[in-house]
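Trainee: Each chain is listed here by its residues.
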Amino acid sequence: MRSYFRPHTGTKYDLNVSRRDERARLIPEVSSLPPFQALIDEYATDVMAVLRGAVGRGGAEDCFQETFLAALRAYPKLKDGRNLRGWLITIAHRKAIDHHRANGRAPLPVAELPEVAVTDPEPGGDVWAAVGALPPKQRAAVTLRFASDLPHAEIAAALGCSPEAARRSLHEGIKRLRKEIA
Amino acid sequence: MKASLQRLAERASEEGLLDVAYTTTDSPFGPLLLAKTRRGLVRVGLPNQDTGELLADLAGRVSPRVLEAPAELDEARRELDLYFAGKLDRFDLPLDWQLSQGFRLRVLRAIARIPYGQTRTYTEMATKAGNERAVRAAGSACGSNPIPLVVPCHRVLRTSGALGGYGGGLPMKEALLELETEQNLVSR
Numbered sequence: 001m002r003s004y005f006r007p008h009t010g011t012k013y014d015l016n017v018s019r020r021d022e023r024a025r026l027i028p029e030v031s032s033l034p035p036f037q038a039l040i041d042e043y044a045t046d047v048m049a050v051l052r053g054a055v056g057r058g059g060a061e062d063c064f065q066e067t068f069l070a071a072l073r074a075y076p077k078l079k080d081g082r083n084l085r086g087w088l089i090t091i092a093h094r095k096a097i098d099h100h101r102a103n104g105r106a107p108l109p110v111a112e113l114p115e116v117a118v119t120d121p122e123p124g125g126d127v128w129a130a131v132g133a134l135p136p137k138q139r140a141a142v143t144l145r146f147a148s149d150l151p152h153a154e155i156a157a158a159l160g161c162s163p164e165a166a167r168r169s170l171h172e173g174i175k176r177l178r179k180e181i182a
Numbered sequence: 001m002k003a004s005l006q007r008l009a010e011r012a013s014e015e016g017l018l019d020v021a022y023t024t025t026d027s028p029f030g031p032l033l034l035a036k037t038r039r040g041l042v043r044v045g046l047p048n049q050d051t052g053e054l055l056a057d058l059a060g061r062v063s064p065r066v067l068e069a070p071a072e073l074d075e076a077r078r079e080l081d082l083y084f085a086g087k088l089d090r091f092d093l094p095l096d097w098q099l100s101q102g103f104r105l106r107v108l109r110a111i112a113r114i115p116y117g118q119t120r121t122y123t124e125m126a127t128k129a130g131n132e133r134a135v136r137a138a139g140s141a142c143g144s145n146p147i148p149l150v151v152p153c154h155r156v157l158r159t160s161g162a163l164g165g166y167g168g169g170l171p172m173k174e175a176l177l178e179l180e181t182e183q184n185l186v187s188r
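For the record, the sequence lines run as chains A and B.
Terminal number for the first sequence in this note's numbering: 182, no gaps in between.
Terminal number for the second sequence in this note's numbering: 188, no gaps in between.
Hints are computed from structural coordinates only; laboratory data are not their basis.
No residue lacks a Cβ here, since even glycine has one placed at the ideal position from N, Cα and C.
All clues stand as given, with none of them false.
Label pairs and their computed distance ranges (CB to CB):
no., chain 1, residue 1, chain 2, residue 2, range
1, B, GLY86, A, ASN103, 57 to 63 Å
2, B, THR51, A, LYS77, 23 to 29 Å
3, A, PRO136, B, LEU170, 52 to 58 Å
As a list, the in silico EDC-like pairs of lysine to aspartate or glutamate whose alpha-carbon atoms are at most 20 Å apart:
no., chain 1, residue 1, chain 2, residue 2
4, A, LYS79, B, ASP57
5, A, LYS77, A, GLU66
6, B, LYS2, A, GLU42
7, B, LYS2, A, GLU61
8, B, LYS2, A, ASP41
9, A, LYS137, A, GLU180
10, B, LYS2, B, GLU14
Here chain A stands alone, though its shape is the one from the complex:
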């Protein structure tokens, strides 16, 4: 099967724009998106790895299903097919946050409480709500950094921007969160 993705960069569904416009005139209503299966073949492993990092092995499978079902639901209406990997990983992070929220509401029972003095103030339950209220780029950068523990370079790859821009989005996001929560 033909690969829709350049090797190594792994992020681009490349279509010469002017040629696409030309074709669009000849055959209206033609989607430029690759068959969804091509995304699965190319990125399922990456998405699973990100989710294992974000929610652990136990939750990863459920999040994986939710991620790809959500992606499949939205796919035909997707306007920009250029950074499909970043798009999938952003959805995966949203599902990871949902998972953490659900787990926060239903904490696992433990036999014994560890006797550790808590000195740091507990973040309020609405931290993730505040994260959810951030502008999209900042929100994605913050969740990629803190829910999934990704380094700046990978956040940049997922968002399809430069590492500097990723760092800036993250910084702005954190600044705003501090203000919101304080």
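Following the hints, complete the assembly by docking chain B onto the known chain A.
Mentor: Frame of chain A, contents of chain B only:
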């Protein structure tokens, strides 16, 4: 990962998100691509056709929600296996005709009614489709057949008896006609 992907295809189907299900299956001529929508079989790719291109075409013309889901095509695969073994002379599969329109669609619908083991000419098909002079167009309709084998365009020949053309190559057309003739002799 394999189990995860299988579950994903099942859930996509349950939630109505599987617009085009496909699989590949072996045949005596090489691998075939089978693709269906909720309405029925929409595309059969012959061994000499590029699977990636066929899938890209389906993504563009039907829906980009294209998933590999072999279980969805169990019945089509079963009937084709029987057909190649000479044990099935009539496909009973729902078809989705959406890839063909107008005159071409009328030609293909007429072809779908040619009985097993028999042949017709391009001229007869043009006539059936309502324009006896459009013989060339009837020929190109055969060539554009998105559902070969099941819509048996291999049963259409030139008036002279010459084979004409075939998307899967003339040796395949010849072999299919031979298979059907042999079976015909055995069963009658």
